[in-house]
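Colleague: Whole structure, please, built from the sequences with the hints as guidance.
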Amino acid sequence: MNGRFRRAPEAMTLDDLSQLTDGGLVVAISRYREEALAEAYRRHAGAVYGLARRLLTGETFAEEVVQEVFLRLWEQPEKYDPGRGTLRSYLLAQCHGRSVDLLRSESSRRRREERDLQRTAEGGYDLEHEVWDLAVADQMGSALAALPDPERKAIELAYYGGHSYREVATILGQPEGTVKSRIRSGLKRLRSGLEAAGLVDADLGGLQGGGA
Amino acid sequence: MTHDPIEELLGAYALHAIDDDERAMVEAHLATCPRCRAEVDSHREVAAHLALTGAPAPDGLWERIAGAIESEPPPASGRCPARSAPAGSAPASP
Numbered sequence: 001m002n003g004r005f006r007r008a009p010e011a012m013t014l015d016d017l018s019q020l021t022d023g024g025l026v027v028a029i030s031r032y033r034e035e036a037l038a039e040a041y042r043r044h045a046g047a048v049y050g051l052a053r054r055l056l057t058g059e060t061f062a063e064e065v066v067q068e069v070f071l072r073l074w075e076q077p078e079k080y081d082p083g084r085g086t087l088r089s090y091l092l093a094q095c096h097g098r099s100v101d102l103l104r105s106e107s108s109r110r111r112r113e114e115r116d117l118q119r120t121a122e123g124g125y126d127l128e129h130e131v132w133d134l135a136v137a138d139q140m141g142s143a144l145a146a147l148p149d150p151e152r153k154a155i156e157l158a159y160y161g162g163h164s165y166r167e168v169a170t171i172l173g174q175p176e177g178t179v180k181s182r183i184r185s186g187l188k189r190l191r192s193g194l195e196a197a198g199l200v201d202a203d204l205g206g207l208q209g210g211g212a
Numbered sequence: 213m214t215h216d217p218i219e220e221l222l223g224a225y226a227l228h229a230i231d232d233d234e235r236a237m238v239e240a241h242l243a244t245c246p247r248c249r250a251e252v253d254s255h256r257e258v259a260a261h262l263a264l265t266g267a268p269a270p271d272g273l274w275e276r277i278a279g280a281i282e283s284e285p286p287p288a289s290g291r292c293p294a295r296s297a298p299a300g301s302a303p304a305s306p
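From first to last, the protein sequence lines stand for chains A and B. Counting from 1, position 55 in the first sequence corresponds to residue 55 in the working numbering; the numbering is continuous, with no gaps. Counting the second sequence from 1 gives a position; the working numbering is that position plus 212.
Check each hint, because a few of them may be wrong.
DMTMM-like cross-link-like pairs, simulated, lysine to aspartate or glutamate; straight-line CA separation at most 25 Å [as the list claims (entries may be wrong)]:
id, chain 1, residue 1, chain 2, residue 2
1, A, K79, B, D233
2, A, K188, B, D232
3, A, K79, A, D201
4, A, K188, B, D231
5, A, K79, A, E63
6, A, K188, B, E219
Selected chain A positions facing chain B (Cβ under 8 Å, derived; list incomplete) [said to hold, decoys possible]:
id, residue
7, E34
8, Y41
9, Y49
10, L51
11, R53
12, V66
13, L71
14, R84
15, Y159
16, S164
17, Y165
18, L187
19, L190
20, R191
FYI, nobody ran anything at the bench for these hints, they're computed from the structure. C-beta atoms are modelled at their ideal positions from N, C-alpha and C, and glycine is treated no differently.
Modeller: Spelled out as structure tokens, the structure:
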């Protein structure tokens with residue numbers, strides 16, 4: 001009989017979907033509910049695409065990365081663990097990692113490094129402009145601006161430039177170990193700024209200190 | 213053990229700013245260290261804010277994704293009993 005056509009009990013309206021938490025959405029995706037993937041796309045594709053565009057030259061690459069990121073969510077939803085952060089930060093990290101892979105494999109890599117070195121040597125590499133042009137959200141902008149200069153530059157070159165910390169060290173003419181530490185301490189400082197602004201809650205940070 | 217040098221790498225790791233050799237080292241460590249995993253998660257959340265403002269995704273991109281998942285059968289060793297077969301298609305018995 002047709003009794004095993006069991007769509008009805010788990011049918012979800014678009015309204016229901018828009019109410020779902022990230023975790024719930026990913027559960028629905030793991031049940032091959034395409035409309036749940038569409039909802040995840042609706043919520044996060046803009047941010048993911050924005051990041052890919054920022055890192056990669058050419059919209060074709062950026063679109064490919066977005067496509068890969070969402071297909072991966074469809075194929076391996078279990079890779080997202082809601083206990084480890086929001087779906088958005090997971091998707092953005094996937095996007096960033098993939099974009100950086102592409103950047104590093106691009107033949108333009110060497111040229112990119114040379115360009116950044118050149119600009120730094122001329123003293124004209126105004127990282128601030130690059131970042132402000134990117135229109136980071138206001139509060140994040142203030143948190144970034146509040147960082148000590150060397151930390152801010154290291155993070156900007158690594159995150160927006162897609163450079164490894166070793167490359168950043170070359171570009172800035174600083175020891176690798178120093179750059180490595182600055183990226184880490186800068187991220188911690190940014191987090192405190194975001195916590196103070198109420199943009200992230202302190203839970204995950206607390207977990208860091210004294211987790212079981 | 214080698215905990216401290218690895219800890220120093222966690223920020224760069226979270227930003228995909230390390231080379232493959234060190235990445236492998238960090239990942240081996242993360243597999244066994246919840247505290248360092250939590251630190252990476254925390255850095256990634258901060259990074260997500262660096263990326264915060266997006267651009268509208270281009271028209272047609274969703275349609276391509278939707279097309280790709282439809283033309284692609286669910287993985288054989290799927291995560292849960294496959295999604296319901298299309299209504300009219302009774303499986304042909306061998």
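Colleague: Does each hint fit the structure? Answer for all of them.
Modeller: Verification of the supplied hints:
no., hint, verdict
1, A:K79 <-> B:D233, "holds, 23 Å"
2, A:K188 <-> B:D232, "holds, 24 Å"
3, A:K79 <-> A:D201, "holds, 23 Å"
4, A:K188 <-> B:D231, "holds, 22 Å"
5, A:K79 <-> A:E63, "holds, 22 Å"
6, A:K188 <-> B:E219, "holds, 13 Å"
7, E34, "holds, 6 Å"
8, Y41, "holds, 6 Å"
9, Y49, "holds, 4 Å"
10, L51, "holds, 4 Å"
11, R53, "holds, 6 Å"
12, V66, "holds, 6 Å"
13, L71, "holds, 6 Å"
14, R84, "holds, 5 Å"
15, Y159, "holds, 5 Å"
16, S164, "holds, 5 Å"
17, Y165, "holds, 4 Å"
18, L187, "holds, 5 Å"
19, L190, "holds, 5 Å"
20, R191, "holds, 5 Å"
Comparing the model with each earlier hint shows no violations; every hint is respected.
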